[in-house]
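Enquirer: Sequence:
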Amino acid sequence: MMQNDPSANIVIPELPDEVKGIGEIALNLWWTWNPRGKNLFKLLNRYLWKESEQNPIKLLRSLSESQIRALSSNESFMREYRYVYALFNQYMQDKTLYSIEEPLPVVYFCAEYGLHHSVPIYSGGLGFLAGDILKESSDMGLPMVGIGFMYPQGYVRQVIGSDGWQNGANESIDKDTAPIERVLDENGEHLTIQVPFIDPPVYTAVWKINVGRVTLYLLDTDIEQNDPWDRQISSHLYAPDINQRLRHQIVLGIGGYRVLEELGIEYSILHLNEGHPAFALFERVRAFIENEGMTLDDAIERVKKSSVFTTHTPLQAATDVYSFDLMSHYFSGYWKRLGMEKEEFMRFGMNPDKPQAGFNMTVFGLNMCEYRNAVSKKHCDVTRKIWRNLFESEERAAEAIDYVTNGVHLSTWLGDELTDELDKTLGENWLNMQDVSDIWLRIDELDERKIWDLHYTYKVRMVNFIRERVRRKWSDEGIDPLVAMAEGVMLDPDVLTIGFARRMTAYKRPDLILHDLDRLEKIINNFSRPVQIVFAGKAHPADNPGKKILQRIFKTAQDPRFRGRIAFVEDYGENVAKYLVRGCDVWLNNPLIPMEACGTSGMKASINGTLHCSTLDGWWPEGFSGQNGWAFGGDVSSDDSDAAALYDTIEEKIVPLFYILDENNLPIGWIRMMKEAMKSVAPNFSARRMMKDYLSKFYLPISKRCLSWDD
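With the numbering used here as the guide, the letters of the sequence shown map in order to residues 79 to 789.
Hints are supplied without guarantee of correctness; some may be wrong.
[To be verified] Within a straight-line C-alpha distance of at most 30 Å, the following computed BS3-like cross-link-like pairs (lysine-lysine) qualify:
no., residue 1, residue 2
1, 120, 502
2, 116, 502
3, 600, 626
4, 432, 463
5, 775, 463
6, 286, 98
7, 253, 120
8, 463, 382
9, 770, 383
10, 731, 782
Read the hints as simulated data drawn from the structure, not as lab findings.
Source: prediction; values computed, not measured.
Based on the provided sequences and hints, a complete structural model is requested.
Expert: Right under this line is the structure:
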């Protein structure tokens, strides 16, 4: 009794008419940030919901025909289903825009999107930011379309060996159980386009994901029309092979633009998240020339004045650069079609500091977009300095480069029970006013016992989640007891817990807290005031120094003298992140200054009452008030001095505050700081505030320009 919908690459059970809306909700990620949507699937079968890893498609496929037929006769379920389906339909039909004026349509290009673990097409923070932007644009009713990649084989599962070395296991997307749909052509076939200017020809199939009211289109070269080398273009994020990496970015930028043309999607504003999709700028120039009869100069000017380039890179050395010979191999026919000479074409990506290095994608984006932004105030200062020669001086760079500090989608990252408490305390309409600081003042009215019990619930849930993962690994593989200890089987929810979870790479200094193991041992094993540390994060597959740092952390966690109070949680991703940002007591961040462009994990922790402790880099100089967390270290990073300052902060400020209890057995000082974190971070570092900044600084000014051109 299966229905195979040709418009979707899934096979789900045929649902009775009375509950057909369940399938509609399952195919829209709206449910992922709406507690009642998640709970609806849990009501179908709590055990299977857990076993499916909260994937509604897998869940529906696991139900028997009799279980599905029985739904319509379950009165309590049907009441909740009708209510949730009504909420979903109202959301999809609502016309809500939280600005005075409506911007013209925006197309948003990014190499990765972190939306939900059922759609593993992300690597890290860049992807989660892009996912939060799509979700918030949906909530606000912003007219936006996303373009990205499918990565059918690209998600790397982290597997840690008993020696602590990271091994990668590629995991293919199961297209039968992911909430993705085929895009069909006029003949009802899966839409496939040829990417221009690659010889021999490369083809890409097109898929879509419904993100509330926003549609994300994904490109997939892993199809039969392509030879094996070409099929691999979209298989992995950030391919190490430079030739394949360039082809990847040609498909994303030029192929992505062609998808928009093929589907007849009209837009006025082009927003590029990093340099990976920047070739879409040239393709837009081509379209203005060929479709609207513009001259080359006019087309370039129009593209510049209607495009936004967001850079996350704090170093010139971290940008993508392609040799001029490699660029000539792929683009010799392209610049002729644009009416350019080779030198003129290459000049758009030429770094004045290193003119012979090749074609720089970040330089190209900065040159071709009049609206440019860094992702925090501090990162803006850094960006202006490193690219000052591109704009002839630092003063001109200051005029050319603005900033929009990143934010997080509150409904995605807040715990469901905490959201319920906020509904009661702030009023049920608080999400519509989430970026208004004054409404958050009522956080002070939250009962101390309630907020502490809620935090403890999240902490117990986190510890149980980690232990269950170890139990499953032990039952499947029979792991060594020291490995089980290193992966968290001995964690204690009553112990002060510090979390460090992010990409394992040298500049983030994941092992800074291990700098002096003798001193750390005294902190961790304090009899009356113990501390435990939970690490998580992946090293890039090609980053051996990052893998060595991870290995050192894992081996330290295996050391019996730390008594199981250091743990490394394997395979960090969106689901693990949610447990950690809600369940840890302290969120640690200690990058080399000024290498953290922004960072958002500390925001996700703070909105849940987990206190941030960080060097003053990225977003924290804007967020730190002195009452909502801790800052340590100086303006210039030094491992010796920063580690000493971190130990001092833990011993003198964090530990005493956590363990000093009042007559009701509550850490009142700690709870007060939790409230300050929520009050200060939630409104100011929400995705709502971020998108309003993009509106006021970029989208609306561009819209006014576009309308004047039409006149």
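Enquirer: Each of the hints needs a verdict: does it hold here or not?
Expert: Taking the hints in turn, this is what the structure says about them:
Restraint check for residue 120 and residue 502: satisfied, since their Cα atoms lie roughly 23 Å apart, inside the 30 Å limit. For the suggested pair residue 116 and residue 502, the alpha carbons sit about 20 Å apart, so the restraint of at most 30 Å is met. Proposed proximity of residue 600 and residue 626 is supported: the alpha carbons are some 25 Å apart, at most 30 Å. At most 30 Å may separate the alpha-carbon atoms for a hinted pair to count; residue 432 and residue 463 meet this at roughly 15 Å.
Of the pairs offered as hints, the one joining residue 775 and residue 463 holds, with about 21 Å between alpha carbons and a cut-off of 30 Å not exceeded. With a C-alpha separation of about 21 Å, the suggested pairing of residue 286 with residue 98 holds against the 30 Å cut-off. Taken as a hint, the residue 253 and residue 120 pair is honoured in the structure, with Cα atoms around 22 Å apart against an allowance of 30 Å. Distance check on the hinted pair: residue 463 and residue 382 sit about 22 Å apart at the alpha-carbon level, within 30 Å; holds.
Annotation: proposed proximity of residue 770 to residue 383 holds, straight-line Cα distance about 20 Å (limit 30 Å). For the given pair, residue 731 sits about 51 Å from residue 782 by alpha-carbon distance, which is inconsistent with the 30 Å threshold.
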